[in-house]
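Enquirer: Given next are the chains, with one letter for each unit.
Number of protein chains: 2
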Amino acid sequence: MITSQKHVGSQSISFPNPPSIASSACVVGKKEGDGPLRDSFDYINDDAYFGEKTWEKAESTMQKMTLNKALEKAALPLSAVEFIFAGDLLNQCIGSAFSLRDMNIPFFGLYGACSTMAESLALAAMTIDGGFADCTAAITSSHFCSAERQFRFPLEYGGQRTPTAQWTVTGSGAVILTSDGPGPYIKHVTCGKIVDQGIKDANNMGAAMTPAAYSTLSAHFNDLALKPSDYDLIVTGDLGMLGAGILVDFFRNDGIDLSHNYNDCGLMIYSREEQDVHAGGSGCGCSASVLSGYLLDGMRQGRWKNILFAATGALLSPTSTQQGESIPCICSAVSISTTK
Amino acid sequence: MITSQKHVGSQSISFPNPPSIASSACVVGKKEGDGPLRDSFDYINDDAYFGEKTWEKAESTMQKMTLNKALEKAALPLSAVEFIFAGDLLNQCIGSAFSLRDMNIPFFGLYGACSTMAESLALAAMTIDGGFADCTAAITSSHFCSAERQFRFPLEYGGQRTPTAQWTVTGSGAVILTSDGPGPYIKHVTCGKIVDQGIKDANNMGAAMTPAAYSTLSAHFNDLALKPSDYDLIVTGDLGMLGAGILVDFFRNDGIDLSHNYNDCGLMIYSREEQDVHAGGSGCGCSASVLSGYLLDGMRQGRWKNILFAATGALLSPTSTQQGESIPCICSAVSISTTK
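Quick note, the sequences are listed as chains E and L, same order. Under my numbering, residues 1 to 340 are what the first sequence spells out, in order. Under my numbering, residues 1 to 340 are what the second sequence spells out, in order.
Among the hints, a few may not be true.
Since copy identity is lost for identical chains, a pair holds within one copy or between any two.
Result set (DSS-like, lysine-lysine): computed pairs, CA atoms no more than 27 Å apart in a straight line [said to hold, decoys possible]:
| # | residue 1 | residue 2 |
| --- | --- | --- |
| 1 | LYS53 | LYS200 |
| 2 | LYS6 | LYS340 |
| 3 | LYS53 | LYS305 |
| 4 | LYS187 | LYS73 |
| 5 | LYS6 | LYS187 |
| 6 | LYS187 | LYS31 |
| 7 | LYS31 | LYS6 |
Bear in mind the hints are in silico, worked out from the structure with no lab data behind them.
In isolation and in its complexed conformation, chain E is listed as follows:
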């Protein structure tokens, strides 16, 4: 009989041997490179095609560049990665399948929409702490052009965007985990439950995802007997302007003040004043590139000691929207610390 003492509370896991983040890397497009986090990206590509003939192939190439850069920074060969966890927004997750098809790494394909960076990190960390590997990787991506034409309109149509719409980040983030190392460490994960509060507006995904973020963050604090002030920074994935405000309101109703140490990757990656992104950034690549660059760099530089990274995803499809369905959402959270 196994004792599952690592499973704490309803949906959290606490690692007795927290996996170490050996390295992380991020590659983004031009618009992201023009934003306030420009100095934190490993590579900014001005060509939306990344030298390929289509945007989908560009997304795969971007992912490949990101994984190679992360391995280079960790001074590890590709063959060191025992299992890789990856997914993206494209139908049938072709961004990941085509980026990894020549890599020769045992592969677990995921679909967590824009929560994929946290979901992949959670499983990559569980694989190490569970004793199944000493080195795993987590990677995801999104591309404005491939996402926009798949989920909304052909780019050539030039459709007008609503004020609540968010801008899909062209970006990829990769994290290499090892069983041993100087950190930062993944200490806990909180696995999300699907939450659907009946919101149907696919142009307001921040609002739709906020109840999922609230659910997972609340579970995280309850499960692990932690409070928001135990973190130097709590970041959600891509709630954007509207969602982030609603999240702060939700917690305020519980008597919890999130306003001092909370931010959202969708608000951090672009300048809303100068870059015309409406409610902020979104996409798997949004939280992935902000985590892999700005956040983990900041931890390594001593800016933050404890971060709660809560990536959010909307599990809808154009088909479900056309069929009048509301938007099921999920949020997975990963607690990262500079100390074990």
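Chain L: place on chain E using the hints.
Expert: Frame of chain E, contents of chain L only:
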């Protein structure tokens, strides 16, 4: 420092405490119910809509029925499931997201195409053996009508099918795993690598997936120092008539005779003589419903003691095909035994 002694060889995992399969269930459509495995299904629904207005909603309803049936057979409440691993073929995996949105279970979304039953079982088993849970679930589905109109043509078009084409199974399978129990047990898993041998014909996915099946099965035997004769039955997911024959040829070239104890779920679920399915069945629900019914029932009844279940998936999309790409494939294998 964790020792990853559970990771054996290049891509296999051996469980020191093999998780027990507490129950399994399968729900299918009319055509599957007319086939040779009719007696092994828990429920056969003559209505392709499962009482819903669309085929996509029908697929979600079928998944829900399957999970509820599996829980009933295990005599476990929904709340006993600590983590669920699920995915399907629909864009953005809406089959799973909508089936599970009211279930209140911590959720990991997967995309492994038709290999999803093995991928989800692998991760569900790793979660238990890793000490993260005492009860997990793995579920997947496919639906002929939702898949056909997404991947090929509107059903109303009545497009002619090539001889190598396979028939997407309308079916769902669910497996409940527990840390303790009378078995059958999941003893090993072999995680697939993506294999792409340049095949571009999306109407011949059996042939495209065969090199992935060969890669994973070879790795399984090498990693764990096992040989095909150590299994009473080796089953692939949905290679179909062509792929299954090629797989036997591949192994014959290695001096290994697979012909005595090998079969393919895509060949088992339909009568090729009477049901006009061309090369056989396919879809996530194919291997999932055959495993959850016929195969696991057979193990419980003493027909087989050791089964190697190797589900195969083609990680293409209509977009990648339109862009002239070949088909990246994957195969994940799960070794199931009546003894620990």
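Enquirer: Compare the structure with each hint and give your call.
Expert: These are the hints, each one checked on the structure:
1. LYS53 / LYS200: between (35 Å within a copy, 18 Å between copies)
2. LYS6 / LYS340: For LYS6 and LYS340, the Cα distance is within 27 Å both inside one copy (15 Å) and across copies (24 Å).
3. LYS53 / LYS305: neither (43 Å within a copy, 51 Å between copies)
4. LYS187 / LYS73: Within. Shortest intra-copy distance 22 Å satisfies the 27 Å Cα cut-off; inter-copy 36 Å does not.
5. LYS6 / LYS187: This pair counts as both: shortest intra-copy Cα distance 11 Å, inter-copy 22 Å.
6. LYS187 / LYS31: neither (33 Å within a copy, 49 Å between copies)
7. LYS31 / LYS6: Close neither inside one copy (42 Å) nor across copies (44 Å); limit 27 Å.
Figure legend: structure checked against the earlier numbered hints; hints not met, in rising order: 3, 6 and 7.
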